[in-house]
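*Asks:* Chains as they are written, first to last, in my numbering: chain A, 1 to 452; chain B, 1 to 89.
Do not rely on the hints blindly, as some may be mistaken.
[Said to hold, decoys possible] No more than 16 angstroms apart at the CA atoms, straight line, and that leaves these computed lysine to aspartate or glutamate pairs for EDC-like:
#: 1; chain 1: A; residue 1: Lys65; chain 2: B; residue 2: Glu40
#: 2; chain 1: B; residue 1: Lys65; chain 2: A; residue 2: Glu64
#: 3; chain 1: A; residue 1: Lys263; chain 2: B; residue 2: Asp81
#: 4; chain 1: B; residue 1: Lys55; chain 2: A; residue 2: Asp62
#: 5; chain 1: A; residue 1: Lys65; chain 2: B; residue 2: Asp25
#: 6; chain 1: A; residue 1: Lys65; chain 2: B; residue 2: Asp52
#: 7; chain 1: B; residue 1: Lys55; chain 2: A; residue 2: Asp160
#: 8; chain 1: A; residue 1: Lys396; chain 2: A; residue 2: Glu195
#: 9; chain 1: A; residue 1: Lys65; chain 2: B; residue 2: Asp32
#: 10; chain 1: B; residue 1: Lys56; chain 2: A; residue 2: Asp62
#: 11; chain 1: B; residue 1: Lys53; chain 2: A; residue 2: Glu195
#: 12; chain 1: A; residue 1: Lys121; chain 2: A; residue 2: Asp160
#: 13; chain 1: B; residue 1: Lys55; chain 2: A; residue 2: Glu61
#: 14; chain 1: A; residue 1: Lys65; chain 2: B; residue 2: Asp62
#: 15; chain 1: A; residue 1: Lys65; chain 2: B; residue 2: Asp81
#: 16; chain 1: B; residue 1: Lys10; chain 2: B; residue 2: Glu40
Treat the hints as calculated values from the structure; they're not laboratory data.
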Amino acid sequence: MINTNDILETINMIHQEHLDVRTITMGISLLDCAAGDAKITCDNIYNKITTYAKDLVSTGEDIEKEYGIPIIHKRVSVTPISLVGGLKTKEDYILAAKTLDAAAKTTGINFIGGFSALVQKGMTNKELTFFDAVPEAISSTERVCSSINVGSTRAGIDMDAVNKCGHIVKELAYLTRDNYSIGCAKFVVFANVPEDNPFMAGAFHGVGEPECEINVGVSGPGVVRHAIEAAGDCSFSDLADIIKKTAFKVTRMGQLVACEASKRLGVPFGIVDLSLAPTPAIGDSVAHILEAMGLERCGTHGTTAALAMLNDAVKKGGSMASSHVGGLSGAFIPVSEDKGMIDAAACGALTIEKLEAMTSVCSVGLDMIAIPGDTPEETISAIIADEAAIGMINSKTTAARLIPAYGKKVGDNVEFGGLLGYCPVIAVNKYSSAKFVRRGGRIPAPIHSLKN
Amino acid sequence: MKAVITVTAKDAKGIIAKVSTKLSDYGANIVDISQSVIGEYFAMIMLIEMEDKDKKFFELSDALKALGSQNNLIIEAMHEDIFNSMHRI
Chain A
1 MINTNDILET
11 INMIHQEHLD
21 VRTITMGISL
31 LDCAAGDAKI
41 TCDNIYNKIT
51 TYAKDLVSTG
61 EDIEKEYGIP
71 IIHKRVSVTP
81 ISLVGGLKTK
91 EDYILAAKTL
101 DAAAKTTGIN
111 FIGGFSALVQ
121 KGMTNKELTF
131 FDAVPEAISS
141 TERVCSSINV
151 GSTRAGIDMD
161 AVNKCGHIVK
171 ELAYLTRDNY
181 SIGCAKFVVF
191 ANVPEDNPFM
201 AGAFHGVGEP
211 ECEINVGVSG
221 PGVVRHAIEA
231 AGDCSFSDLA
241 DIIKKTAFKV
251 TRMGQLVACE
261 ASKRLGVPFG
271 IVDLSLAPTP
281 AIGDSVAHIL
291 EAMGLERCGT
301 HGTTAALAML
311 NDAVKKGGSM
321 ASSHVGGLSG
331 AFIPVSEDKG
341 MIDAAACGAL
351 TIEKLEAMTS
361 VCSVGLDMIA
371 IPGDTPEETI
381 SAIIADEAAI
391 GMINSKTTAA
401 RLIPAYGKKV
411 GDNVEFGGLL
421 GYCPVIAVNK
431 YSSAKFVRRG
441 GRIPAPIHSL
451 KN
Chain B
1 MKAVITVTAK
11 DAKGIIAKVS
21 TKLSDYGANI
31 VDISQSVIGE
41 YFAMIMLIEM
51 EDKDKKFFEL
61 SDALKALGSQ
71 NNLIIEAMHE
81 DIFNSMHRI
């Protein structure tokens, strides 16, 4: 018999504490879509996605209804488009982006990720052409997300690719300048990118993945915060225990949804990504968890330690709850998507330097950060390089999703709407990094990458 | 399939009767029930069993939600697996 307290606890988690499944993401391989002609390749891509994912949204809605768990988004991730044969010119790639967008609209999904390239050691000719297409492809589509992997612990950092990414960020900001440079919210630069991440903008279906799979991203910052507040003044060990137990419950819910979706869609289950992913709604903030742990404001001294403990406890608790845990799995710190982060940035408690420190202990990187519109592209490249270095040396995933909001300066506000949220523009260091990043070439892989 | 129905409301006459009748209309059998009145608030949790066919559970869920809005009740209907999976190792 189910315990009454368990039932009330679950219902409370869902209705008061914003417990939800953030996304069911279907990963689809496009490796067999290649044809001699780009138009036929794109037709194959469109047909494959709209066939495989035709019941994704309705299945998500059925599961939501039956289990009473809100499932916020349904998404698709595909093979990195730069790797799909049959696409050769810049126009071919732009056509592919429009095809992905059309497939997303037909299937009713919220986002489609995979307009991506993996260039951690160097860029091929095909990938150089792909890079040229990214700004127009992303600014002229609605639901397509793009990512580039510029570094890894094994390969080092491709600084030529980093410089190109700095340029893409600026161009995207300009092309979408009438909408707070929102194009930059759909483009993220990674190091050590995971191949099965269900969250955007970095989701893609890696080449090591199978034909098709279901990955689920859970979320529950509100639940964790509530549990910490209910615990009152306790030791760090007890705090870690509470977070672990809460993460277990949240992940179990994600596992249930993943298995059901997999069964009903006839697609293998991939992973559950047990990430605390905030939204701008009140009560759904990771920063507020850190503040509940005893910090007056997220961003003050102690934030890195608090986040390190939180991130680790989430993984420990969640890993027992699922048969396959993967993706990013940890705590997210996107500034514009987290009410606590927004407030902390607005009052000056949270700076880009502190955010960079936090990225060394949490599951992603510098995320959804609005910086001044006149930030030089070399500075953006240098910020990306810093993130890539943290990831490379520490064998973890890091990323940069920066928004140099066109025409905006420090203190101005930008508004993206929906899950992407809003935030104030924060300052970057005004001293130049141009000579450094323009050296080009590769930063070599670290000595500890020699593991054989 | 088994599901958990929870009902919360300001206490009034006939809440249990109305909910049970609706369950019976859709062929659901009440396996277990617990309820309490605390001050002026009523809370009830029922474990029900019904045939898992033709989205009958969805129809019941919709009907219960409609009953809820007509009578100032908050009614949730959820498959039991969500509770089984979250609270057991």
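*Asks:* Hint by hint, say whether it matches the structure.
*Replies:* Status of the hints after comparison with the structure:
A threshold of 16 angstroms between alpha carbons decides the hint, and for Lys65/A with Glu40/B the separation of about 30 angstroms lies outside it, so the pair is violated. The suggested pairing of Lys65/B with Glu64/A holds, with an alpha-carbon distance near 15 angstroms, which does not exceed 16 angstroms. Straight-line distance between C-alpha atoms of Lys263/A and Asp81/B comes to about 15 angstroms, which keeps the hinted pair within the 16 angstroms bound. For the hint pairing Lys55/B with Asp62/A, the CA-to-CA distance comes to about 9 angstroms; that is within 16 angstroms, so the pair holds.
A distance of roughly 20 angstroms separates the Cα atoms of Lys65/A and Asp25/B; the hinted pair therefore is violated under the 16 angstroms criterion. With a C-alpha separation of about 14 angstroms, the suggested pairing of Lys65/A with Asp52/B holds against the 16 angstroms cut-off. Simply put, Lys55/B and Asp160/A have alpha-carbon atoms about 56 angstroms apart, too far for the 16 angstroms limit, and the pair is violated. With a C-alpha separation of about 13 angstroms, the suggested pairing of Lys396/A with Glu195/A holds against the 16 angstroms cut-off.
Distance check on the hinted pair: Lys65/A and Asp32/B sit about 22 angstroms apart at the alpha-carbon level, beyond 16 angstroms; violated. For the hint pairing Lys56/B with Asp62/A, the CA-to-CA distance comes to about 12 angstroms; that is within 16 angstroms, so the pair holds. Among the hinted pairs, Lys53/B with Glu195/A is inconsistent with the structure: their alpha-carbon atoms are about 38 angstroms apart, more than 16 angstroms. Taken as a hint, the Lys121/A and Asp160/A pair is honoured in the structure, with Cα atoms around 10 angstroms apart against an allowance of 16 angstroms.
Among the hinted pairs, Lys55/B with Glu61/A is consistent with the structure: their alpha-carbon atoms are about 13 angstroms apart, no more than 16 angstroms. Restraint check for Lys65/A and Asp62/B: satisfied, since their Cα atoms lie roughly 9 angstroms apart, inside the 16 angstroms limit. A hinted pair counts as satisfied when its Cα atoms are at most 16 angstroms apart, and Lys65/A with Asp81/B qualifies at roughly 13 angstroms. Taken as a hint, the Lys10/B and Glu40/B pair is honoured in the structure, with Cα atoms around 6 angstroms apart against an allowance of 16 angstroms.
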